[in-house]
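Visitor: Please take these sequences and the hints and turn them into a complete structure.
For the protein sequence lines, the chains are A and B, in the order given.
Going by our numbering, the letters in the first sequence line up with residues 1 to 374, in that order.
Going by our numbering, the letters in the second sequence line up with residues 375 to 748, in that order.
In case anyone wonders, no lab produced these hints; they're calculated from the structure.
You may find that some hints are simply not true.
Straight-line alpha carbon distances no greater than 20 Å define the calculated SDA-like cross-link-like pairs of lysine to any residue that follow [stated by the list, open to error]:
id	chain 1	residue 1	chain 2	residue 2
1	B	K615	A	R133
2	A	K105	A	K150
3	B	K530	A	G244
Which residues of chain A face chain B? A partial, calculated answer using Cβ under 10 Å [stated by the list, open to error]:
id	residue
4	V7
5	L35
6	L155
7	G236
8	K241
9	N243
10	G244
11	T306
12	I308
13	S309
14	T331
15	Y338
16	H340
With beta-carbon atoms standing in for the labels, derived distance ranges [unchecked claim]:
id	chain 1	residue 1	chain 2	residue 2	range
17	A	T348	B	E429	54 to 62 Å
18	A	T348	B	K419	46 to 54 Å
19	A	T348	B	N489	50 to 58 Å
20	B	V395	A	E42	30 to 38 Å
21	A	V74	B	T722	37 to 45 Å
Computed from a predicted model, the values in this text were never measured in an experiment.
For glycine and all other residues, C-beta sits at the position ideal for the given N, C-alpha and C.
Protein chains: 2
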Amino acid sequence: MNAISSVGLRNSLRIFETLMVKNASRVEIANELDLTKTTVGEITKNFIDLGFIREKEKTHDSRIGKPQTLLEIVPDAFHVAGIGILRKQVEGCIVDADGKILRRKSKYYKSFDYNSIINSIFEVTDDLIAGNRDKIDAIAFGAPGTLDSKNGIILKPAKFLEFENVPLAKIFSDRYKVNAWIENDADVAAIAEKYYGKGKNLNSFISIHMEEGIGSGIILNGEIHHGEYGYAGEMGHFLVKDNGTFKYLEDLYGADAILERTRMFGIPDFESLKKAEKNKDKKVIEFLQEIGEEVGAVIVSMIHLTGISTIFLGGKATYLGNTFLNSVRSTIKKYLFYDHEVKVELSTLGDAFVVALGASAHGRVKYVEKVLKK
Amino acid sequence: MNAISSVGLRNSLRIFETLMVKNASRVEIANELDLTKTTVGEITKNFIDLGFIREKEKTHDSRIGKPQTLLEIVPDAFHVAGIGILRKQVEGCIVDADGKILRRKSKYYKSFDYNSIINSIFEVTDDLIAGNRDKIDAIAFGAPGTLDSKNGIILKPAKFLEFENVPLAKIFSDRYKVNAWIENDADVAAIAEKYYGKGKNLNSFISIHMEEGIGSGIILNGEIHHGEYGYAGEMGHFLVKDNGTFKYLEDLYGADAILERTRMFGIPDFESLKKAEKNKDKKVIEFLQEIGEEVGAVIVSMIHLTGISTIFLGGKATYLGNTFLNSVRSTIKKYLFYDHEVKVELSTLGDAFVVALGASAHGRVKYVEKVLKK
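Guide: And the structure:
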């Protein structure tokens with residue numbers, strides 16, 4: 001095959017990504033992606049030759065009137081490890097080319113120095129690989145930003161500074177002899193939402209990932225939106241006024257800041273917070289309403305700026321219950337400048353594993369890109 | 375010609391837009407837009423057949439080694455009227471296909487009822503057309519949102535409610551027997567910045583338009599970003615805290631709110647405010663610093679969310695001088711979460727005419743689209 005053009009590469013990846021969401025016929029793909037049938041035919045032939053996709057049984061599409069051959073991803077075409085580097089633990093999984101989870105593994109860091117963290121990541125990766133019947137073809141990471149995803153370097157991760165300036169991709173590609181990529185944790189959480197969660201058939205949405213940092217991934221016309229300096233969606237660094245002083249949102253309502261406040265009324269962790277919300281503990285309810293108002297106000301500004309009106313709340317947000325969710329919703333309803341539908345829902349993908357899962361989906365796309373560029 | 379495909383239409387418009395910025399050879403266009411030479415050849419041939427573009431003298435590109443034929447837009451291919459509907463006046467111009475301004479006209483509304491406003495717009499349009507040697511082929515408007523640009527209806531314009539639910543495009547296409555389109559005022563100001571101002575060779579930037587409303591147009595990869603409900607960039611509806619209560623930014627620092635404050639120290643309009651800033655009037659300086667901090671803090675949040683780091687400040691911002699600009703810049707420098715270059719500059723396109731100018735550029739693209747779709 002000749003060197004692929006950048007247009008051809010982009011179209012190829014869009015087709016593979018479409019098949020990551022669902023099996024589809026060539027005609028359906030052409031319609032959905034606004035490509036000619038010739039282009040789709042050429043690209044899918046190439047993918048079939050590579051062994052990445054194959055024809056499935058025929059289906060009958062009543063609009064077209066004749067049976068269509070569905071295309072599907074070949075599960076064993078390749079295997080990818082997805083690793084989520086969180087601030088307290090590492091989460092990992094291995095998936096096949098079609099996204100089925102083959103193995104999972106996680107580990108809390110023993111301490112928070114660089115060596116302890118990197119060794120935990122090695123252990124999880126070793127264990128994932130050792131238990132997988134086939135070798136893996138790539139590793140992809142989700143990690144707190146800022147990071148240089150082009151060169152695979154974690155730069156200056158907020159609230160995780162022991163892991164500053166780590167050339168993660170190189171360390172792992174050297175050790176495991178496979179390609180490795182990194183991406184922002186909130187971005188891969190949004191990618192997970194797109195392939196496994198509530199974002200499956202949506203063109204545009206914002207996925208908010210509330211941990212110690214509060215990030216968001218912006219899916220715009222089916223693609224993750226990247227800024228000019230390797231970050232975007234940094235809602236945790238929205239400026240909000242606290243007693244007349246500007247503070248970052250995540251310094252007031254990041255997971256650590258929330259627990260610092262709840263400890264004052266005897267609640268040490270998010271599981272206990274979840275229980276207290278269910279038991280309608282008055283102080284807890286008031287505090288959760290406050291978080292909902294402040295985070296909700298930032299979401300209003302985000303909706304007004306982006307014009308995107310589907311929002312998923314993930315990470316530790318899933319522990320804050322309906323009190324928080326309803327407070328976010330009523331704040332949006334109160335302040336939306338123009339009356340239209342806004343959908344705000346909690347993610348159902350879990351608070352920590354979602355980063356590993358999203359990283360694996362990102363890795364599948366990056367691996368296909370790598371092969372096509374060869 | 376066969377019905378154009380949506381891919382073909384998009385590529386055609388991208389090529390025309392490139393020539394709206396500068397004359398370029400087919401090879402340069404292909405490289406810049408990442409299109410094949412065949413595609414560029416077919417599309418430019420079609421434009422030449424339509425009489426929209428023509429070959430200019432040959433130039434020598436040292437990287438390619440042989441003379442390249444430059445393409446340029448044929449100025450008299452069509453004429454478009456651009457009309458800016460502001461809250462106190464209407465501004466208008468006629469431009470040729472290559473964007474040269476042939477006529478200008480403006481008029482303050484006598485009163486603020488619907489009839490007075492629409493008659494002022496008719497007068498300006500009549501006068502523009504009467505004085506133009508050729509007939510015009512289209513009219514495009516920039517107006518305060520929200521609006522339904524697809525159907526040409528002004529819906530619910532903030533601080534301009536006498537002009538609610540006005541089917542502007544239909545009124546003008548009926549009266550003048552030409553196509554008419556409308557677009558958000560801040561969006562067309564950004565379009566003006568792209569074709570006439572500091573955004574000429576930039577891929578992504580945010581153009582802020584400070585009037586009674588504070589809007590912004592987001593240019594993302596060369597295209598204006600539209601939200602799902604016909605708005606985006608609504609920074610005037612960012613929520614900011616004022617004495618513990620959420621307010622919209624534009625209710626605190628829109629042009630009318632600014633003058634309400636300055637009247638308390640005897641300054642009735644923006645010209646006087648500009649003079650007072652130059653004379654270093656202490657109260658004025660303090661107030662301008664306050665505006666710079668509050669608007670600057672919102673800009674910080676916008677940069678963090680979009681990852682876009684080139685910002686132009688237009689509209690009434692151009693009257694607020696270096697005191698305001700420096701306060702915005704130092705606020706950004708203070709709170710940017712990750713150290714990188716940010717460019718913040720005042721627009722040089724003027725505070726009111728920019729809407730008419732941007733509308734005319736928008737109208738040129740819409741007119742070409744209309745002809746291609748025929």
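Visitor: Compare the structure with each hint and give your call.
Guide: Hints versus structure:
1. B:K615 / A:R133: Violated: K615 (chain B) and R133 (chain A) sit about 57 Å apart, past 20 Å.
2. A:K105 / A:K150: The hint is violated at about 27 Å.
3. B:K530 / A:G244: 33 Å, violated
4. V7: Nearest chain B Cβ about 6 Å off; hint holds.
5. L35: Hint on L35 (chain A): holds, closest Cβ of chain B at ~7 Å, below 10 Å.
6. L155: 8 Å, holds
7. G236: 8 Å, holds
8. K241: Holds: closest Cβ of chain B sits about 4 Å from K241 (chain A), inside 10 Å.
9. N243: At 9 Å from the nearest chain B Cβ, N243 (chain A) passes the 10 Å test, so the hint holds.
10. G244: 9 Å, holds
11. T306: Status holds, d = 6 Å.
12. I308: Since the shortest Cβ distance to chain B is 6 Å, the answer is holds.
13. S309: Given a least distance of 6 Å, the restraint on S309 (chain A) holds.
14. T331: 8 Å, holds
15. Y338: 5 Å, holds
16. H340: 5 Å, holds
17. A:T348 / B:E429: 54 to 62 Å: 59 Å, holds
18. A:T348 / B:K419: 46 to 54 Å: 53 Å, holds
19. A:T348 / B:N489: 50 to 58 Å: At 55 Å between Cβs, range holds.
20. B:V395 / A:E42: 30 to 38 Å: Check passed, 33 Å falls within 30 to 38 Å.
21. A:V74 / B:T722: 37 to 45 Å: 57 Å, violated
In this structure, the earlier hints numbered 1, 2, 3 and 21 are contradicted, and the remaining ones agree with it.
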